[in-house]
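Now for the letters of each chain:
2 protein chains.
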Amino acid sequence: MPHSLLLVDDEPRIRRVLRLALEDEGYQVAEAANGYDALVALRREPPDVVLLDLMLPDRDGFTVCREIRRASDVPVIMVTARTDSHDVVAGLEAGADDYVTKPLVAKELSARIRALLRRVEPANARQPDVLVVGDLTIDVPGAEVTRGDSVLPLTRTEFKLLAELAGAEGKVLSREQLLSKVWGYGYFGDSRIVDVHIRRLRLKIEHDPASPKHLVTARGLGYRLVS
Amino acid sequence: MPHSLLLVDDEPRIRRVLRLALEDEGYQVAEAANGYDALVALRREPPDVVLLDLMLPDRDGFTVCREIRRASDVPVIMVTARTDSHDVVAGLEAGADDYVTKPLVAKELSARIRALLRRVEPANARQPDVLVVGDLTIDVPGAEVTRGDSVLPLTRTEFKLLAELAGAEGKVLSREQLLSKVWGYGYFGDSRIVDVHIRRLRLKIEHDPASPKHLVTARGLGYRLVS
DNA sequence: ACGAACATGACGGATTCATGACAGCCGTAA
DNA sequence: TTACGGCTGTCATGAATCCGTCATGTTCGT
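These protein sequence lines are chains Y and E, in that order.
So the number in this note's numbering is just where the residue sits in the first sequence, counting from 1, plus 79.
So the number in this note's numbering is just where the residue sits in the second sequence, counting from 1, plus 79.
Hints are computed from structural coordinates only; laboratory data are not their basis.
A hint or two may mislead.
If chains are identical, the list can't say which one is meant, so a pair holds when it fits in one copy or spans any two.
Claimed, not checked - With a straight-line Cα cutoff of 25 Å, these simulated DSS-like cross-link-like pairs (lysine-lysine) come out:
hint : residue 1 : residue 2
1    : Lys-250   : Lys-292
2    : Lys-292   : Lys-260
3    : Lys-250   : Lys-186
4    : Lys-186   : Lys-283
5    : Lys-186   : Lys-292
6    : Lys-260   : Lys-283
7    : Lys-283   : Lys-250
8    : Lys-260   : Lys-250
9    : Lys-292   : Lys-239
10   : Lys-239   : Lys-250
11   : Lys-283   : Lys-239
12   : Lys-181   : Lys-283
13   : Lys-239   : Lys-181
Could you build all of it, start to finish, from the sequences and the hints given here?
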């Protein structure tokens, strides 16, 4: 899913130029023409980053930035024609994360947005890395697989294999794909080793390993995990 | 406690000017004259922010930045005379958080450092001071572990190890991760040392050290602390 | 029915970890 | 200063178990 930006500037022409450039970089762009609209848009549809011009018709950008900060932690980049160092300091003190001056190069703005997102994302991406397939619960960071409340005693290779298959649930993964993901790219042994570990996995996770219901063979293609 | 900066620049004169200006702003400044020294200083005494010049005698700043990123998440601000937008993009892509051009105004640099710290600090400060795992209470600032109302006599290394594992409760930490967190990045001995200290910890915190219930080994992966 | 692809079971070598012992180091107390 | 005790890193050993390979049996698609 693309990252969303909120572009706040009163000049329709500048908005249009920036929007096109940023959409070209793969962002989804919303617009606001003044501080009030910006705050409304911010609350209605929180973007990943706000691009804020300093000169706005209703109130100046510093004030808007402080008001944004009161309501949200969203990253703010000030985009303005005022190159004075004093303004930079004021902008950053008002709570902005970055301050770039017009005329600006789209690539640079995009790079700054990425840098900021790179810094902010991990805090938001606090989703527990737990996969659920059928009655199996796969705790990736904990390297543990549970069914009901019993822990399945998987070995390292078995766990990695299962985790890969579960991460692509329903999709067929070829032996080669599994080899490179589980065993690493520098492996030159027989790809039949996958079969053996699949079997060992089946013995542990299938109710009837002889006729697997979850860890299914895709003859001639590879294997597939279904719930 | 003041924030610490690592200033990487080959020009002694520039270092002196920046150091004075930044100390004036209340920062504690360490210096490195080249990329190698920077990496050494980084692992010996991790700063809160790195200020990195692009032109260094041994290797260029982009490379140094990437090498820093491989070992650490520390905020990096590139400080350089090269104003070309292409360099800005390259610097940010190399993992830098910000890019400012000389000649620079101390107040602006300071404001950018503050903005960056403002963004980064909360992520680091999210670790609570007292961790509770099972019947153990781990007082991190007090460096004390209690069970019930008796204090467990842990050594410094044992305590750090336990604190790291408790901070990532339930997650498997590899020997390498533990080595870098407990022993520091600059340790090149046998990683089996982790095993030995794990054992010593078990003798002190497990009721039956021969079959550990809390400090569990994840064969082939590392260790994990569970309640 | 045939060949190819996969399943199955077994085996030996290789990893991996637990455990106990030991020497160097450091700070403390005498 | 010296002696001492506790902490740390290293090592050797042994046991557990994991992994890759192979030989053989079975199934599937054509």
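Tested hints:
1. For a Cα distance limit of 25 Å, the shortest separation of Lys-250 from Lys-292 inside one copy, 15 Å, qualifies, whereas the shortest one across copies, 30 Å, does not.
2. With identical chains, the CA atoms of Lys-292 and Lys-260 are at most 25 Å apart within one copy only, with a shortest distance of 23 Å there and 31 Å across copies.
3. When the C-alpha separation of Lys-250 and Lys-186 is checked against a cutoff of 25 Å, the pair qualifies neither within a copy, at 36 Å, nor between copies, at 39 Å.
4. Taking CA atoms no more than 25 Å apart as the test, Lys-186 paired with Lys-283 passes in neither setting, with 51 Å inside one copy and 57 Å between copies.
5. Taking identical chains as interchangeable, the C-alpha atoms of Lys-186 and Lys-292 are never at most 25 Å apart, the minima being 50 Å within one chain and 53 Å between chains.
6. For the identical chains of this complex, Lys-260 and Lys-283 are intra-copy neighbours only, at 21 Å inside a copy versus 35 Å across copies, given an alpha-carbon limit of 25 Å.
7. In this assembly of identical chains, the alpha carbons of Lys-283 and Lys-250 lie at most 25 Å apart whether taken from the same copy (21 Å) or from different copies (22 Å).
8. Taking the closest pair of Cα atoms, Lys-260 and Lys-250 come within 25 Å of each other both inside a single copy (15 Å) and across two copies (21 Å).
9. When the C-alpha separation of Lys-292 and Lys-239 is checked against a cutoff of 25 Å, the pair qualifies both within a copy, at 20 Å, and between copies, at 23 Å.
10. In the homo-oligomer, the alpha carbons of Lys-239 and Lys-250 lie at most 25 Å apart both inside one protomer (16 Å) and across protomers (15 Å), since each shortest distance falls under that limit.
11. Taking identical chains as interchangeable, the C-alpha atoms of Lys-283 and Lys-239 lie at most 25 Å apart only when both belong to the same chain, with a minimum of 14 Å there against 32 Å between chains.
12. In this assembly of identical chains, the alpha carbons of Lys-181 and Lys-283 never lie at most 25 Å apart, being 56 Å within a copy and 62 Å across copies at closest.
13. Proximity of Lys-239 and Lys-181 under a CA criterion of 25 Å is satisfied in neither setting, with 42 Å inside one chain copy and 49 Å between copies.
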